[in-house]
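If you want the building blocks of each chain, they are given just below.
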Amino acid sequence: MSVPEQFDVIVVGGGPAGSTLIADQGHRVVLVDKQSFPRYQIGESLLPATVHGVCRLLGVEDEVRAAGFTVKRGGSFRWGTSPEPWNFLFALSPELSGPTSYAYQVDRMTFDHLLLKNAARHGVDVREESPALAAVTDGERVSGIRYTDPGGRERELAARWVVDASGNGSRLHAAAGGRRQYSEFFQNLAVFGYFEGGGRLPAPDSGNILCAAFDEGWLWYIPLSDTLTSVGAVLNRGQAARISADRERTLMESIQRCAIVRDMLGGAVRVTEGTYGEIRVRKDYSYADTRFWAPGIALAGDAACFIDPVFSTGVHLATYGGLLAARSVNSVLAGELPEERAFGEFEARYRREYAVFYEFLAAFYDMQQHEDSYFWKARKVTNMRAGDMEAFTTLVAGAYSAEAALVRPDTLAERFSASSADLAGAVERTGAARTPSGERMTELFRAPVVADVMTEMNQIQRRGVGGAITEPPLIEGGLVPSPDGRRWIEPDTAPAAGTA
Amino acid sequence: MSETSATPDLTAERLRADVERVLGEPAGSVGEDDNLLDLGMDSIRLMSLVETWRKAGVETDFMTLAEEPSVRAWSRLLLND
Chain A
-1 MSVPEQFDVI
9 VVGGGPAGST
19 LIADQGHRVV
29 LVDKQSFPRY
39 QIGESLLPAT
49 VHGVCRLLGV
59 EDEVRAAGFT
69 VKRGGSFRWG
79 TSPEPWNFLF
89 ALSPELSGPT
99 SYAYQVDRMT
109 FDHLLLKNAA
119 RHGVDVREES
129 PALAAVTDGE
139 RVSGIRYTDP
149 GGRERELAAR
159 WVVDASGNGS
169 RLHAAAGGRR
179 QYSEFFQNLA
189 VFGYFEGGGR
199 LPAPDSGNIL
209 CAAFDEGWLW
219 YIPLSDTLTS
229 VGAVLNRGQA
239 ARISADRERT
249 LMESIQRCAI
259 VRDMLGGAVR
269 VTEGTYGEIR
279 VRKDYSYADT
289 RFWAPGIALA
299 GDAACFIDPV
309 FSTGVHLATY
319 GGLLAARSVN
329 SVLAGELPEE
339 RAFGEFEARY
349 RREYAVFYEF
359 LAAFYDMQQH
369 EDSYFWKARK
379 VTNMRAGDME
389 AFTTLVAGAY
399 SAEAALVRPD
409 TLAERFSASS
419 ADLAGAVERT
429 GAARTPSGER
439 MTELFRAPVV
449 ADVMTEMNQI
459 QRRGVGGAIT
469 EPPLIEGGLV
479 PSPDGRRWIE
489 PDTAPAAGTA
Chain B
106 MSETSATPDL
116 TAERLRADVE
126 RVLGEPAGSV
136 GEDDNLLDLG
146 MDSIRLMSLV
156 ETWRKAGVET
166 DFMTLAEEPS
176 VRAWSRLLLN
186 D
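Top line first, the protein sequences correspond to chains A and B. Residue 13 in our numbering sits at position 15 of the first sequence, and the numbers go up by one each step. In our numbering, each residue's number is its place in the second sequence (first place is 1) plus 105.
No wet-lab data here; the hints were simulated from the structure. A couple of the hints might just be wrong.
Quick list of in silico lysine to aspartate or glutamate cross-link-like pairs, EDC-like style, CA-CA up to 16 Å [as the list claims (entries may be wrong)]:
no.: 1; chain 1: B; residue 1: 160; chain 2: A; residue 2: 490
no.: 2; chain 1: B; residue 1: 160; chain 2: A; residue 2: 60
no.: 3; chain 1: A; residue 1: 115; chain 2: A; residue 2: 60
Label pairs and their calculated CB-CB ranges [said to hold, decoys possible]:
no.: 4; chain 1: B; residue 1: 169; chain 2: A; residue 2: 82; range: 26 to 36 Å
no.: 5; chain 1: B; residue 1: 185; chain 2: A; residue 2: 118; range: 49 to 59 Å
no.: 6; chain 1: A; residue 1: 416; chain 2: B; residue 2: 173; range: 26 to 36 Å
no.: 7; chain 1: A; residue 1: 132; chain 2: B; residue 2: 162; range: 50 to 60 Å
no.: 8; chain 1: A; residue 1: 254; chain 2: B; residue 2: 185; range: 51 to 61 Å
no.: 9; chain 1: B; residue 1: 160; chain 2: A; residue 2: 61; range: 30 to 40 Å
no.: 10; chain 1: B; residue 1: 165; chain 2: A; residue 2: 177; range: 43 to 53 Å
no.: 11; chain 1: A; residue 1: 223; chain 2: B; residue 2: 140; range: 33 to 43 Å
no.: 12; chain 1: A; residue 1: 416; chain 2: B; residue 2: 165; range: 21 to 31 Å
no.: 13; chain 1: B; residue 1: 160; chain 2: A; residue 2: 261; range: 23 to 33 Å
no.: 14; chain 1: A; residue 1: 465; chain 2: B; residue 2: 136; range: 24 to 34 Å
We treat Cβ as the ideally placed atom computed from N, Cα and C, and that holds for glycine.
Could you put together the complete structure from these sequences and hints?
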C-alpha cells in the first residue's frame, strides 16, 4: 500500500450528515461513500431546521428551493383519541406563519445528491464507490481510514479528524469505543412502497405528511409529488416473519386496516417498476451509541443514533449532528479549544436533542388508544421496562447531569407519563384540522415536551434567516456557537448582543 | 448563567422603539393598539424581541407575546405598570 494521503478531515458517508461537513474554513476535507449518487434512501419528510437553518448555512437553500419539492407545512395525525385528524403545524398560527414555517417532502435521491454536490463545490474531495474498510489508529487516537477505490485497490487516508457519517449499516462507529444501545420501547419494523394517484389532504394541508395509527401499528403517507406517494407501515418487530414471508401482502393488509389511508389510496396503483417499484423493509429500532466521539473520530447521523420516524426526525438529527461536529472540528483545528471541551459540547447537545425527541415520541405513542393490541400496549409509558429506563439514562448521561428527573429511572416513568398527559391535553384543546383552533398551535407549542424539541430547531432556523446571532449556552457550563455559527466559543468571549 | 437584574432596563419607550426597529417602521409610527402581525411581525422577529428583552432582564416567552400582539398588551405584560 502507498503512503497515506493527508487531509485535515475525513468524512465517511455522503448522506445529509456527511454533506453538512463542507470545507469553508480552508481545511482539506475528503469524503468517501460506498455508493454512486444519486442513490435511493428512505426518510423523505424534512423539518424546517434542516431546510431554513442548515441548508442556508451550507449555501444550498436556493438550489433546494428550485428543486420543486412538495411544500410541507406540518404533519397531520390520525392519532390518539380523536377520530378526526389533527395538525401539528410548524407555524404558530396562519398570521404568524413567517419565513421558516414550512419544510419539504423530498425525493432523497435528488435531495442527498444536491447536498453532496454542494459539498464538492465547497472544496470537499468527494470519492464515490469507495467503501471504507476500517479506521486506522496510531495507538492513542483515530488517525485515518482504509478504503477501497473504484478500481478495487485498497488505499489509506490520514487526517486529524474522521467523521463517521456512514449510516446504520456500517461498523465504523465502533472505532469511537462505544456500542449501540437499543431502546426496547421503539423496536419497530417498517415495510414501505410507492403509489401513483393517491388522494391528497384538502389544501392547505395537501403537502403534509399524514401519520395514521391502526391497531397493529401506524402508517406514513408522504406526498412526494402531485401523483407519487410514499406509504409505509410501521409494525412491531414481532411481525418480522410475516413481513419476510410476503412484504407486499403485509403492506396491503396494513393499509386495509387503516380507514383513512385505505380511502386515500382508493384509486391509486402501486408503482412496480424502477427505483420506486420495490417494496422495502427497514429495521426502525431506535438506538444511540454509548460514545459519540473519541480522540480523532466523531459520529454523526445514523452512525450515532436513530429515533423512531413518526415525527420526521431522521434528516434533522443527521444534519444537526453534522453541524455540531463541524463546529467542534473547526474549533479544534483552529487551535481555539481543547478537544475535550469542543467535542464535549458536541456530544452534550447531540444527546440532548436525542433525549428531547425520545421523550416527545414516548409521550406521543402513549396517547394512542388501542390498548387491546400488543403494539400499543407495549408502547404505553407505564409499560416501559426498567431496562429501557436504564438504557435511556445511559444515553443521556452527562447531557443533563443537573436534571435528576432524567437520570433516575424511578422518576423517569413519572416524568414521561406527565409529558404524555400534557401532550394529550394540548392536542384535545387544539382540536381537529381545518377548525380555527386546529390552525393555532399555541396549546401544542406550550406543552413543555414540545417546547423542548423546538428549542434548538428554532435557534438553527433563526441563524439561517437572521445571519450572525449570539445565543445563550444550551447546556449549563457549556459553549455557544460563534456569531457565524461555524465554531464554538466560550460564552464570556461572545460579542455583546447584536440584533439581526 | 447570566444575571437577571432586579430592575429590568426595559422601559415603555424602549419597548416601542424595539418593536419599530424590528418592523422597520419609522419611530413613533406604531399605534398602541395596532395589530403587530398586520405590520409584518413574524415568528423570527418576535423571537429576536423575546431574546432582546430577556437580556434586558424581562422574563417572557414567544407564546405569551404572540397571543396578544400589540404595543399596549406587551407594555401591560412586560412593564408591570
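### Message
Given the hint of 23 to 33 Å, is the C-beta distance from residue 160(B) to residue 261(A) inside that range or not?
### Response
51 Å, violated
### Assessment of proposed distance window 43 to 53 Å (beta carbons of residue 165(B), residue 177(A))
44 Å, holds
### Message
Within 33 to 43 Å: is that where the Cβ-Cβ distance between residue 223(A) and residue 140(B) falls?
### Response
38 Å, holds
### Query
Is the gap between the beta carbons of residue 169(B) and residue 82(A) within 26 to 36 Å?
29 Å, holds
### Query
Holds or violated: 26 to 36 Å for the Cβ distance of residue 416(A) and residue 173(B)?
Check passed, 28 Å falls within 26 to 36 Å.
### Task
With 21 to 31 Å as the target window, see if residue 416(A) and residue 165(B) comply at their CB atoms.
24 Å, holds
#### Entry: CB-CB spacing for residue 185(B) and residue 254(A) relative to the 51 to 61 Å hint
Since the Cβ atoms of residue 254(A) and residue 185(B) sit about 60 Å apart, the hinted range of 51 to 61 Å holds.
### Task
For the range 50 to 60 Å, tell me whether the beta carbons of residue 132(A) and residue 162(B) fit it or not.
Between residue 132(A) and residue 162(B), where Cβ atoms are some 54 Å apart, the hint holds.
### Query
Is the Cα-Cα distance between residue 115(A) and residue 60(A) 16 Å or less?
Given that 16 Å is the threshold and the Cα spacing comes to 14 Å, the pair holds.
### Cβ separation of residue 465(A) and residue 136(B), checked against the hinted range 24 to 34 Å
30 Å Cβ-Cβ, so the 24 to 34 Å window holds.
### Task
Below or equal to 16 Å on CA atoms is what counts here, so check residue 160(B) against residue 490(A).
Since the Cα atoms of residue 160(B) and residue 490(A) sit roughly 14 Å apart, the hinted pair holds (cutoff 16 Å).
### Message
Is 49 to 59 Å respected by the C-beta to C-beta distance linking residue 185(B) and residue 118(A)?
### Response
56 Å, holds
Hints 2 and 13, counting from the list given before, are not met by this structure.
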